[in-house]
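Given chain P, put chains S and Y in place with the hints provided.
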Amino acid sequence: MQVVRGFLSRYGLILALAALPIFYGVKDLTGKHPSLAPLANNLVSGISNGSIWAMIAVGYTLVYGIIELINFAHGDVFMIGSFTSQAFWSLIGVTLATSTFGVIGGLLVTLVVAMVCCGTLNVMIERVAYRPLRNAPKLAPLITAVGFSFILQNVGLLWLGGSQASVDNLIHQGSKVFSIGGVVIHREDVLAVGLTVPLVIALTLFINQSRLGKAMRATAQDPEAARLMGINVDTTISMTFLLGGMLAGAAGLIYALYQTQVWFFQGFRGGLFAFTAAVMGGIGNIRGAVLGGIIIGCIQQISDNRIGPQWTDAIIFGYLIMIMVFRPQGLIGEETREAG
Amino acid sequence: MRARQFGVAACIAVLSLGAAACGSSKKKSSAGSSTTSSGGTVDIYSSLPLQGASKDQTGAMVKGIQLALKEAKSKAGQFTVNYQSLDDSTAQAGSWDPGQTATDARKAVQDSKAVYYIGEFNSGASVVSIPILNQAGIPQVSPANTYPGLTTSGPGTVAGEPDKYYPTGKRTYLRIVPQDRIQAAALLTTMKGDGCTKVAIANDKETYGAGLARLVELQSKAAGVNVVDNTGIEKTAPNFRSYASTVKGKGADCFLFSGVTANGAAQINKDVAAAIPTVKLYGPDGTCESGFTNPAKHGIPATLGKAFKCTVATQDLKAYPGGQKFLASFKAAYGDANPDPYAIYGYEAMKLGLDTIAGLGAKGNDKTAVLAALFATKARSSVLGTYGFDKNGDTTLTDYGLYTFGPDGNPAFSKTIKQGG
Amino acid sequence: MSRLDQLRNSLPPWWNRATAGVVIAFAIIFPLLFGQSSSFLDATTTALAYVVMALGLNIVVGFAGLLDLGYVAFFAFGAYTVGWFASSFYFKAHVHSFWLSAVAAHGPGIHLNFILLVIVAMVICAIAGVLIGLPTLRLRGDYIAIVTLGFGEIIRVFATNGDGIHIFGGTLTAGRQGIPVVDQPRPLPFIDSFNSLNLRPWYWTALVMVFIVLFCNVRLRDSRLGRAWIAIREDEVAAASMGVPLVRTKLLAYATGAAFGGMAGVFLGSYLTTVNSDQFQFGFSIFVLAMIILGGLGSIWGVVVGAMLLSYINKYFIPDVFDKVANSLHLGFQPSDLSFGIFGFLLVIIMLLRPEGLLPERRRQMELKEGVGADEALALEVSA
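Chains as they are written, first to last, in the numbering used here: chain P, 1 to 340; chain S, 1 to 421; chain Y, 1 to 384.
Bound conformation, chain P alone (with noise of 0.2 Å):
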């Protein structure tokens, strides 16, 4: 007993995570064309998605580990961002006509124009539904989310309507960069992880590089200490909403060019992953934020292809809870403040 308990503690969880594609790995090679590449395949199309994923989970986790607030509106912030994309590229003229630079050089701009809208609603958001009730019950501004959650999806719902809406294609999604012994590397692929990593990177570096940052870490692990070293918690708190909306703006323009569609409830799903994704790696830890994404990402993959789409939520958050009683506190194990 003993013995299986050391165990399981110590590899219970590598083995939990790895228990799916291993299982089809093997299947795969024991079948009747042997060959690892669809399950790379799968792999490869598994942390595009979650660089997504991640990319939302982040600010999920920026926000929590600073005020313990599960932000659920942050999910709608990101479907905004998709479609201030779509609706600013339009504006400026970006079709499937426009030249490879002319594409280039337009998304670029809304990429900023995305970061920047969805930074600044996530700031509002904060003023107005957030910040009032800072000395409420620690679950009141939980409601005001769900408030704020329900009046976006409302604005998406009358801005495009209540079906998917299909998106030009501008990135030509599907189209193959390279690939090796049958795994291909798409463009979309490509995009995702090329815009994620300097993001994060970026963020991670403002986080332990400048003041703000330090100010933001400072406030994250007590607040009280923080403004008495004379940080102005406000500014600071409202800077992590910046920051959280900026990613999920980017995300949303990602979001938008790699599925080519967007839909106002994608941030119900969005968020609700994303949340996953951070609890996954530890709220509160922007490694464990990307790392919890990516994850979820390769499942949902795995899923949708070796066992069925209609199963793919049970599966991913079957293994959030196998997670979470292997280890309770999330994969990225730094212990947060403590809820009071």
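What the hints contain is simulated information worked out from the structure, not anything from laboratory work.
Quantities reported herein were computed from a predicted structural model and do not represent experimental measurements.
Each hint should be verified, as a subset may be incorrect.
Said to hold, decoys possible - Capping the alpha-carbon separation at 20 Å, the derived lysine to aspartate or glutamate pairs in DMTMM-like fashion look like this:
no.	chain 1	residue 1	chain 2	residue 2
1	S	Lys250	P	Asp28
2	P	Lys138	Y	Asp235
3	S	Lys221	S	Asp194
4	P	Lys214	P	Glu224
5	S	Lys318	S	Asp194
6	S	Lys63	Y	Asp337
7	S	Lys418	S	Asp399
8	Y	Lys324	S	Asp111
9	S	Lys248	P	Asp28
10	S	Lys306	P	Asp168
11	S	Lys192	S	Asp163
12	Y	Lys92	S	Asp163
13	S	Lys297	P	Glu224
14	S	Lys415	S	Asp194
15	P	Lys138	Y	Asp337
16	P	Lys138	Y	Glu234
Stated by the list, open to error - If the Cβ cut is set under 10 Å, some of the chain Y residues that face chain S in the computed set are:
no.	residue
17	Pro180
18	Thr249
19	Leu329
20	His330
Cβ atoms here follow ideal geometry from the backbone N, Cα and C, with glycine treated the same way.
Leaving out everything else, chains S and Y in the frame of chain P:
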């Protein structure tokens, strides 16, 4: 203790406010009807999910209903028609809700002037409202339900259907669109004609989508088409690329998404077409609308549209006089020359009611007479073609129209598919 | 507030009982003031069912401080108890209990009496509550929230895909198609019969449930167990060191809360006459959670008011009052286009106006008045 007192006070306040609101609204409505007594009034209700993802389809339907009413100048024979559009969805759920559906039906039941009820949009919701309206004997006409079990037993239904929906034993429910069996046959005929050998089906798991997919699968063998996959999808999934590669692995050459546009139709068709470039795409009336096919309305890209065919219970509207007139007035009212199938269904549902009431003369405000007249409808010429109702309340319409991608991006009529032909 | 305190102290001692008596009497005769199937009576009946639901969740979240975002699971279990054991869903079986309505007594399938259904559902839900609670025992704070959320979603997925899982000669659920036409309870001799057109018996049934659950809630709160829950909520470590058995106390909170959720689920399942997997969305958990937070977390009367208020907004104010007013103003849009947003807007406004909830728990009020140093300082800074 104090908290309790406040609770008590608040409860009383809420209850009495509500009572006051209720009382006053009742007074108002009775006063309103007494002033317009010249010629009399009848009340017509529609109950559709106006919020959430089905909003686009139901919005089109309400447009059609209102157009029919406007054309008739809100008159049905000697009666003035009071139309009320009810919502069977709630803000909290964002989609149809059983409680709200029952509430809507009860509203009509309480109204002694109610003679005609259009609804529901979802077959699952009709299951709730049919028994309620049945007990009150109010004629109900669904403009969209295609689930067979609502009116008949047989393949694709559950034990006890349809009798368990009619507690009085008398039928009160009719539908103007043919059952899924007929649409499934039409789709299979089309696929067979296009030389499909392996068909993959994805459904949205709703009563309509899953039911139709099941029927296509059931009837496929007889039609000589091979269904290699039938999967229920999660409509909130951001993409279906993994699913598409699964389908590709099964060697599918034709793909049918059985569901409505709002349940991920565009994305799944795009992803399947990306995985299998030569695939032929098919859709039922749930996706046979400009919101799905027209790139300008955020539908699928034009390149895919050309590979897409869909079936609707409407024929070539330009071919007969009623259709021409409908197209012209729809364009005049909404500036859209290409009404969606749901707008047409809504229009016909209302027009059927108005014509039936008008045909009864002075008895048009008698719901029993209206019901009997509806079931007696024979050879009615309409935008859906010429049809009547059988004793189960099913339309006798069996022809489906096949639609292809038109030059303006909207579905355009291509030909009529006769059943069994 | 203090003036109200004075006022209350000046009232005679029988005042509380008298008001309670008046309220109960009013609640009982209430449906006679309306038509048998009036939509306000319908909204009220639904609101009462939500009160039961919210009081159940209040035990888990309000008393024991375990943030449960998967409460919809118990609604699902309760409703499916009705679907499985009180309809012709498993038509191959022929099981009939005593005291059934005429239709149910002769139909195929399993048919249990309404009281039996409630008991079965409460047992199923209590077990499910414990099972869901087990993995969260080592977790703290919001980690519990996500695990319960996960369970809620898993159960939704199973409810949706249950039409493909074959057991007992049938399927597990009917998925999005729904299990239609479930049994109506058999009426008591002196009350009208239960049907979709006469809502009065439904209302009285819900009222009895509310009274039972209210009684349980008050007694539990003041019991040793209730104090243990509150102790865990306030400080888990301190509670444990004072000898509160954490595992048992927490699991009892989950089980009790779940059982009440199941009770309301049975009622709603029968009342809505169908059990459809689309009802069991995450949004439902949030809806019930919003009721108890809006009302005042942990405060029994607050929760009652919060539940009534939100269900009225959702079922009566938005579809009836708001739509009617908006339509009569001819604003040129469908009012239902905005109902989603209006609902959200009202949540935000109420919460901002009453951050501690409409009727905060007294213990919490005391805390807030005394202040906890840091929070108070922050508050001062915000207001400055």
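Now the hints, each set against the structure:
Using a Cα cut-off of 20 Å, the hinted pair lysine 250 of chain S and aspartate 28 of chain P holds, with the two alpha carbons roughly 16 Å apart. Taking the CA atoms of lysine 138 of chain P and aspartate 235 of chain Y, the gap is about 15 Å. The hint holds against a cut of 20 Å. Distance check on the hinted pair: lysine 221 of chain S and aspartate 194 of chain S sit about 16 Å apart at the alpha-carbon level, within 20 Å; holds. Among the hinted pairs, lysine 214 of chain P with glutamate 224 of chain P is consistent with the structure: their alpha-carbon atoms are about 15 Å apart, no more than 20 Å.
Note on lysine 318 of chain S and aspartate 194 of chain S: the hinted pairing is violated, with a Cα-Cα distance of about 26 Å set against a maximum of 20 Å. Distance hint between lysine 63 of chain S and aspartate 337 of chain Y is fulfilled; the C-alpha atoms sit about 14 Å from each other, no more than 20 Å. The hinted pair formed by lysine 418 of chain S and aspartate 399 of chain S meets the criterion: a straight-line CA distance of about 5 Å does not exceed 20 Å. Of the supplied pair hints, the one linking lysine 324 of chain Y and aspartate 111 of chain S holds, its CA atoms being roughly 16 Å apart against a limit of 20 Å.
With a C-alpha separation of about 17 Å, the suggested pairing of lysine 248 of chain S with aspartate 28 of chain P holds against the 20 Å cut-off. Under the criterion of a C-alpha separation no larger than 20 Å, the hint pairing lysine 306 of chain S with aspartate 168 of chain P is consistent with the structure, at around 17 Å. Between lysine 192 of chain S and aspartate 163 of chain S the alpha-carbon distance is near 35 Å, which puts this suggested pair outside the 20 Å criterion. Our distance criterion of 20 Å between C-alpha atoms is met by lysine 92 of chain Y and aspartate 163 of chain S, whose separation comes to about 17 Å.
For the suggested pair lysine 297 of chain S and glutamate 224 of chain P, the alpha carbons sit about 52 Å apart, so the restraint of at most 20 Å is broken. Proposed proximity of lysine 415 of chain S and aspartate 194 of chain S is supported: the alpha carbons are some 14 Å apart, at most 20 Å. A threshold of 20 Å between alpha carbons decides the hint, and for lysine 138 of chain P with aspartate 337 of chain Y the separation of about 32 Å lies outside it, so the pair is violated. Of the supplied pair hints, the one linking lysine 138 of chain P and glutamate 234 of chain Y holds, its CA atoms being roughly 12 Å apart against a limit of 20 Å.
Interface hint at proline 180 of chain Y: satisfied, since its Cβ lies 4 Å from the closest Cβ of chain S, which is below the 10 Å cut-off. Annotation: interface hint on threonine 249 of chain Y violated; nearest CB of chain S at approximately 24 Å, more than 10 Å. Hint status for leucine 329 of chain Y relative to chain S: violated, with the closest Cβ pair at about 15 Å, above 10 Å. Among the interface hints, the one on histidine 330 of chain Y is violated; its C-beta lies about 14 Å from the nearest C-beta in chain S, farther than the 10 Å criterion.
Checked against the numbered hints given earlier, this structure breaks hints 5, 11, 13, 15, 18, 19 and 20; the rest are met.
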